Amino acid sequence: MLELRVRKRFAGRPDSAPFSLELEFRAGASVTVLFGPSGAGKTLTLDSIAGFAVPDEGRILLDDEILFDAASGVNLPARARHCGYVFQNYALFPHMTLRQNLAFAAERRPRLERHRKVSEMLERFHLADAAGRRPHELSGGQKQRCSIARAVIGSPRLLLLDEPARGLDAPLRRELYDLLRQVRAEFSIPTILVTHDLEECFELGDEMLILREGRLVQSGPPRAIAERPANVEVARLLGIFNLLPADVVELNPQRNLSRLRVGGFDLAGPYFPGRFKGDRVWLCVRPDQLSAMARNGAPGANQVPAQLLRVVEMPDSARLEFAGEVRVQMPRAEYEKQKANKEWLVEFPQQSLRVL
Amino acid sequence: MAVDWFPLWLSLKVALIATALSLVIGLWLAYLLAHRRFRGMEILDAATALPLVLPPTVLGYYLLVLFGRQAGLGRLYEWVTGSPLVFTWQAAVVAAMFHAVPLLVIFARAAFESVDRNYERAARNLGASNWRVFWKVTLPLTRRSILAAAILAFARSLGDFGITIMIAGNIPGRTQTVAVAIYDAVESGNGALARTLVVIVSVVAVVILSLANRLVARHAS
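Top line first, the protein sequences correspond to chains H and G. Quick note on the working numbering: the first sequence kicks off at 1 and runs consecutively. Quick note on the working numbering: the second sequence kicks off at 1 and runs consecutively.
Honestly, I wouldn't trust all of these hints.
[Stated by the list, open to error] Subject to a maximum C-alpha distance of 30 angstroms in a straight line, what follows is the list of computed BS3-like cross-link-like pairs (lysine-lysine):
{"#": "1", "chain 1": "G", "residue 1": "Lys136", "chain 2": "H", "residue 2": "Lys117"}
{"#": "2", "chain 1": "H", "residue 1": "Lys143", "chain 2": "H", "residue 2": "Lys117"}
{"#": "3", "chain 1": "H", "residue 1": "Lys143", "chain 2": "G", "residue 2": "Lys136"}
Bear in mind the hints are in silico, worked out from the structure with no lab data behind them. All values reported here derive from a predicted model rather than from experimental measurement.
Let the hints inform the model, and build the full structure from the sequences given.
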């Protein structure tokens, strides 16, 4: 279990705006994802845990051991923190062979055990054939496996991954996810993973912390966050929602009903606790929750006429982009049937509507 | 004409010892300047570059004042080694080091700073002490640049005249290095000896420089 509460300020310089990190969280899940746009303070957080950056205030505890405590002046050096760190570009020592890279990391183990452990890891990560090669002679996948093997060979108490999938092509990315799932199953080391890729959060994350401008904006299991973003900021960061400005014109708790006015149209929705009539809100609904159909005659309930601007056809689905920033995602087969529509209606299912 | 080879051998010996000692001091200073932030850093930085800009006679004068038989450092040296420093060949080593150390610091610092910090971070993260990070990661990654710098420092050490003549003097057969010997030969009208030594020194310098260049070029590719 990692417990962290840190503050760090950077004064603005001519080439950079002032930045401050103020963060508090506990991470006990097997994989905790730090998600956020660039400049949110994700890597700085990771570096503070690893001991590469020194916070101004706060404390960091790992399994009840103090790694850092500003108040009592404790700042354990990086080498004593036992946190495995997987760097963005792997940082494999270029002058050592793959085997030597692993041996360097196994130095903490007793001499007799060292050799056996290195060989075991080479087997486990399918690197035995490449053991004598230097990093520049390795494939991307081998480098990836070596960097992770190197990080876990010393049995760290925590594994830190800094955007491990950045810049990887799709097959290598798949390979990495499989590898990390395997590591999670076999080594059961609590892991903190930094990413700005939402797909990665769903692939690997048990818990997700959303960071923005040095602050935590929401935390929880990835699916729960995707279902219920805490506010419009989070919804924007996730980037998977239709966000439409709306006015609450009617609220009826008895019948669990509400009415929203969105761009000149009235939509019926569920009752929204904590909102008042006349509130200005954001209607938040995922593209796959909406449906689109041909316009024949007058629109039905919760159907709105819309002008189709663009269609993005993907292998298994199609994304229809309508005027007013409304996106609808539908299965490919469904789209094939609707393809010929001249005029469109977009339907907002009553119970899927949420406001932020 | 019989050439006295002593000055040449002395110069080589002096340069070799000076380079070895300068490597220790120079790499340490360079590492400090490249990796640590501490008070007085600017002063140290300026102090290491000073010998490059001061006239050698000025440096020689300072050293004479510091290491003279009546001065504190001079007495300390005499107490430790049992003989005075000034006007011995060891003084020529000290003189050469004042050329070698600044060169090494400048090149080694640039080399240390060019190492991707993540390699050193990774090493520390894997439990390595600073000492081990230096020997196993930083130094191997910079060894070509540092070897090239050491060769240049060696070449520079061969040629000192100003400081050497101030603190080691010109005692034939004892402290007369090749640079001093050439000056001496010209002064005493022995043109043939001067020419011979000049040619030899030039050839040695060219060989050393081409060696250093080749090392750096291979490093860059």
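Now the hints, each set against the structure:
1. Distance check on the hinted pair: Lys136 of chain G and Lys117 of chain H sit about 21 angstroms apart at the alpha-carbon level, within 30 angstroms; holds.
2. This hinted pair checks out: Lys143 of chain H and Lys117 of chain H have alpha carbons roughly 19 angstroms apart, not beyond 30 angstroms.
3. A distance of roughly 20 angstroms separates the Cα atoms of Lys143 of chain H and Lys136 of chain G; the hinted pair therefore holds under the 30 angstroms criterion.
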